[in-house]
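Protein sequences appear in the order of chains H and U.
Each step along the first sequence adds one to the number in my numbering, with nothing skipped, and position 140 is 226.
Each step along the second sequence adds one to the number in my numbering, with nothing skipped, and position 202 is 281.
If you're looking for bench data, these hints aren't it; they were derived computationally from the structure.
Accuracy of the hints is not assured; some may be wrong.
Think about it this way: if two alpha-carbon atoms lie no more than 25 Å apart in a straight line, the pair counts; the simulated DSS-like pairs of lysine-lysine are [said to hold, decoys possible]:
no. : chain 1 : residue 1 : chain 2 : residue 2
1   : U       : Lys172    : H       : Lys428
2   : U       : Lys169    : H       : Lys428
3   : H       : Lys213    : U       : Lys193
4   : U       : Lys176    : H       : Lys428
5   : U       : Lys170    : H       : Lys428
6   : H       : Lys213    : U       : Lys294
7   : U       : Lys124    : U       : Lys207
8   : U       : Lys246    : U       : Lys164
9   : H       : Lys428    : U       : Lys180
10  : U       : Lys207    : U       : Lys134
11  : U       : Lys193    : U       : Lys300
12  : H       : Lys169    : H       : Lys244
13  : U       : Lys164    : U       : Lys134
14  : U       : Lys169    : U       : Lys246
15  : U       : Lys134    : U       : Lys170
16  : U       : Lys268    : U       : Lys207
17  : H       : Lys307    : H       : Lys389
18  : U       : Lys134    : U       : Lys300
19  : H       : Lys428    : U       : Lys134
20  : U       : Lys124    : U       : Lys253
21  : U       : Lys124    : U       : Lys176
22  : U       : Lys180    : U       : Lys301
23  : H       : Lys307    : H       : Lys466
24  : U       : Lys294    : U       : Lys193
25  : U       : Lys207    : U       : Lys253
26  : H       : Lys428    : U       : Lys207
27  : H       : Lys248    : H       : Lys169
Beyond 12 Å from chain U on every Cβ pair, some chain H residues (computed) [stated by the list, open to error]:
no. : residue
28  : Phe212
29  : Asn219
30  : Ile281
31  : Arg311
For glycine and all other residues, C-beta sits at the position ideal for the given N, C-alpha and C.
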Amino acid sequence: MSAIRYLQTEGRSFGFYALVAGLGVLILAALGGVYYMEHNGHWVSGMSNRIVWGMPHVFALFLIVAASGALNVASISSVFNKKAYKPLSRLSGLVALALLAGGLTVLVLDLGRPDRLIIAMTSYNFKSIFAWNIILYNGFFVIVAVYLWMMFERRMNKFSHKAGLAAFTWRLILTTGTGSIFGFLVSRQAYDAVIMAPMFVIMSFAFGLAFFVLVLMASYKWTERQLGDAIVDRLSNLLGVFVAAVIYFVAVYHLGNLYLAENTGVENFILFDGGIYTQLFWYGQIILGGLIPMALIYHPATKGNRSMLGLASVLIIIGGIIQLYVIIIGGQAYPMEMFPGKEILEGYGGIAQYTPSLPETVLGVSGIAVAVIAITFAVKLLPFLPESLADTNHKDCK
Amino acid sequence: MSKNLNRRDFIKTTTATTAGVATIASGITLTTFVNANESPVTDEKRWGMLIDTNKLTEADIDEMVNACQEEQGWGGETHSTGDQKPRWIKKLKVQDKTTKKITSLPLMCQHCEKPPCVDVCPTNASMKREDGIVLVDRHLCIGCRYCMMACPYDARSFAHETITDQKEHMPRGKGTVEACTMCVHRVDKGESPACAEAVDSDAVIFGDLYDANSKINQTLKKIQSSQIRADLNLNTGVRYSGI
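Work out the full structure: start from the sequences and follow the hints.
Below, the structure written as structure tokens:
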């Protein structure tokens with residue numbers, strides 16, 4: 087295999103400036119929304135004492151989960167020694183860092199007191215999964231940055247396998263931690279399931295790869311570089327497998343919950359009579375985000391079609407955001423089973439109402455903008471992208 | 080005490096404090112605390128409450144809620160709507176699914192021995208005193224609301240707006256989480272929580288769960304009582320009889 091030549095993007099086209107301007111406007115709008123929410127207090131948002139985590143958390147957790155998944159492409163190359171993926175490793179690390187930065191920005195800006203972030207950095211409760219996540223996120227930045235350096239710096243290339251292994255291990259722990267934020271909440275029937283940790287890991291595989299595929303295809307198309315079918319088809323196949331795995335974990339999670347009498351209420355709510363949440367679950371998460379992308383990826387009529395793969399990736403991302411909406415908002419909307427065997431007539435109970443406000447929604451969406459703008463600038467500043475990914479360059483790779 | 084006290088240790092260990100506020104310059108106030116009792120809080124005591132729902136009328140529960148609002152200064156929020164309004168204590172009406180028996184009860188922080196809110200709090204803002212009272216340190220709370228996700232009793236509220244007319248003994252702040260403090264400021268002075276005082280009958284008994292001579296301890300030995308979500312094994316400080 088010939089040496090891979092990496093090259094910065096030119097970043098001077100109208101498209102580049104239009105993209106940056108568009109994302110910039112979105113980020114500015116989000117900052118305005120943050121100021122509005124922090125100045126007035128969260129009463130201007132749709133969140134409440136029943137729906138304590140809202141739209142910002144849906145996007146933040148989606149991005150954090152996707153971040154660790156985006157690193158998979160690099161991991162497959164350096165941990166599992168699949169050389170075909172090697173040219174994509176740098177971009178994989180970059181997308182991972184950018185998505186995490188986007189997610190954390192949203193999470194921090196929605197805090198009741200974002201000005202006290204320093205407290206979150208200095209006063210740790212080591213029994214808190216949240217505190218563990220803070221360490222895991224910061225560690226992820228450091229490890230992936232070191233990993234990238236070893237890939238960039240020729241003298242350090244020989245260590246990139248070990249750094250890749252460390253990053254891969256760390257990302258598995260990180261997503262386990264993110265899933266455990268919910269999995270360890272014993273009080274709520276929708277959560278309190280250890281399977282949420284591995285489920286989040288597999289969700290990260292799918293969401294992260296979908297995002298990576300989009301970034302890869304867009305950047306090669308917009309910079310008019312060659313992107314061969316061999317590598318795209320491999321990624322496409324992998325994506326299909328990950329989506330199927332997500333559906334499998336979701337099925338096990340719900341079947342397991344249905345078996346327990348204490349959880350049948352919340353299961354009926356999500357699966358059958360939860361109004362918007364039931365619709366989002368079936369039409370959004372399962373059909374739009376699962377079955378249709380799988381059909382697009384595997385059906386002979388659409389298989390191998392770049393546009394269809396792009397569409398599948400977009401649907402996986404939308405379905406993923408909807409999945410987190412169902413988990414986070416749906417899980418809170420259903421009341422806690424405080425008095426088993428009794429019905430609460432007054433004072434608590436009933437399905438909590440949630441109407442996301444514009445500022446909190448814009449804040450959530452802006453997390454994606456932060457990630458994309460970071461990637462856009464990084465590929466201009468540093469050689470993340472191979473000059474060509476045409477098939478001939480790696481035809482001898484297995 | 081060998082080490083210097085920081086604010087947090089001070090709040091956790093001082094059994095009785097009184098606060099004085101002096102204005103030292105325009106716009107700058109100096110808050111000083113004077114210890115009435117230097118002995119630290121220990122785990123020899125465990126403050127608790129026994130609520131007998133058979134003896135409690137709905138009007139009694141309303142009185143308890145009112146007393147809490149007045150004592151702690153919540154409920155006057157003007158912008159918060161619906162579920163955004165703080166509720167440190169609330170009246171619940173529950174019906175047995177089989178017998179259809181309806182019971183009314185007050186619900187507030189249950190002051191668990193193993194509080195999930197304290198476990199999940201990333202910054203140690205949620206804390207439990209040695210004597211079992213669960214509190215939020217408003218100076219450490221970053222407003223992440225994870226404790227509200229973790230609390231099995233829906234006991235905590237988030238200050239959704241700027242708070243005015245705060246009580247001197249109960250600082251509150253927009254963007255932080257708050258809940259029943261078991262009127263720690265009164266308990267440390269040897270008094271009972273405002274909600275317990277508001278009820279004339281012995282439907283609400285406050286006291287030291289460990290003290291064999293206390294009324295709460297003796298009553299709990301005699302009557303059937305329960306903890307809400309006892310299955311979670313949190314060993315709550317607030318106990319109920321009649322549900």
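Status of the hints after comparison with the structure:
Between lysine 172(U) and lysine 428(H) the alpha-carbon distance is near 10 Å, which keeps this suggested pair within the 25 Å criterion. A distance of roughly 18 Å separates the Cα atoms of lysine 169(U) and lysine 428(H); the hinted pair therefore holds under the 25 Å criterion. Of the pairs offered as hints, the one joining lysine 213(H) and lysine 193(U) holds, with about 12 Å between alpha carbons and a cut-off of 25 Å not exceeded. Taking the CA atoms of lysine 176(U) and lysine 428(H), the gap is near 5 Å; set against the 25 Å cutoff, the hint holds.
A C-alpha spacing of about 16 Å is found between lysine 170(U) and lysine 428(H), which places the hinted pair at or below 25 Å, so the restraint holds. A hinted pair counts as satisfied when its Cα atoms are at most 25 Å apart, and lysine 213(H) with lysine 294(U) does not qualify at roughly 36 Å. At most 25 Å may separate the alpha-carbon atoms for a hinted pair to count; lysine 124(U) and lysine 207(U) meet this at roughly 13 Å. For the given pair, lysine 246(U) sits about 18 Å from lysine 164(U) by alpha-carbon distance, which is consistent with the 25 Å threshold.
Using a Cα cut-off of 25 Å, the hinted pair lysine 428(H) and lysine 180(U) holds, with the two alpha carbons roughly 9 Å apart. As the CA atoms of lysine 207(U) and lysine 134(U) are separated by approximately 30 Å, the hinted pair breaks the 25 Å bound. Taking the CA atoms of lysine 193(U) and lysine 300(U), the gap is near 22 Å; set against the 25 Å cutoff, the hint holds. Note on lysine 169(H) and lysine 244(H): the hinted pairing holds, with a Cα-Cα distance of about 14 Å set against a maximum of 25 Å.
Simply put, lysine 164(U) and lysine 134(U) have alpha-carbon atoms about 29 Å apart, too far for the 25 Å limit, and the pair is violated. A hinted pair counts as satisfied when its Cα atoms are at most 25 Å apart, and lysine 169(U) with lysine 246(U) qualifies at roughly 20 Å. Distance restraint check for lysine 134(U) and lysine 170(U): the Cα-Cα separation of roughly 15 Å lies within the 25 Å cut-off, and the hinted pair is therefore satisfied. Simply put, lysine 268(U) and lysine 207(U) have alpha-carbon atoms about 19 Å apart, close enough for the 25 Å limit, and the pair holds.
About 19 Å separates the Cα atoms of lysine 307(H) and lysine 389(H), which keeps this hinted pair within 25 Å; it holds. Restraint check: the Cα-Cα separation between lysine 134(U) and lysine 300(U) comes to about 18 Å, which is no more than 25 Å; the hinted pair holds. At roughly 20 Å between alpha-carbon atoms, lysine 428(H) and lysine 134(U) fall within 25 Å of each other, so this suggested pair holds. A C-alpha spacing of about 33 Å is found between lysine 124(U) and lysine 253(U), which places the hinted pair above 25 Å, so the restraint is violated.
Our distance criterion of 25 Å between C-alpha atoms is broken by lysine 124(U) and lysine 176(U), whose separation comes to about 38 Å. With a C-alpha separation of about 24 Å, the suggested pair lysine 180(U) and lysine 301(U) falls inside the 25 Å cut-off, and the hint holds. A hinted pair counts as satisfied when its Cα atoms are at most 25 Å apart, and lysine 307(H) with lysine 466(H) qualifies at roughly 15 Å. Pair hint lysine 294(U) plus lysine 193(U) holds up; C-alpha atoms about 24 Å apart against a cutoff of 25 Å.
Under the criterion of a C-alpha separation no larger than 25 Å, the hint pairing lysine 207(U) with lysine 253(U) is consistent with the structure, at around 22 Å. A distance of roughly 30 Å separates the Cα atoms of lysine 428(H) and lysine 207(U); the hinted pair therefore is violated under the 25 Å criterion. With a CA separation close to 16 Å, the supplied pair lysine 248(H) and lysine 169(H) stays within the 25 Å bound. With a cut of 12 Å on Cβ distances, phenylalanine 212(H) falls inside the contact zone with chain U, its closest approach being about 10 Å.
For asparagine 219(H), the non-interface assignment is contradicted: its Cβ lies about 8 Å from the closest Cβ of chain U, within the 12 Å cut-off. In this structure isoleucine 281(H) is separated from chain U by more than 12 Å, as the shortest Cβ-Cβ distance comes to about 18 Å. Annotated as non-interface, arginine 311(H) keeps its C-beta farther than 12 Å from every C-beta of chain U; the closest such distance is 43 Å.
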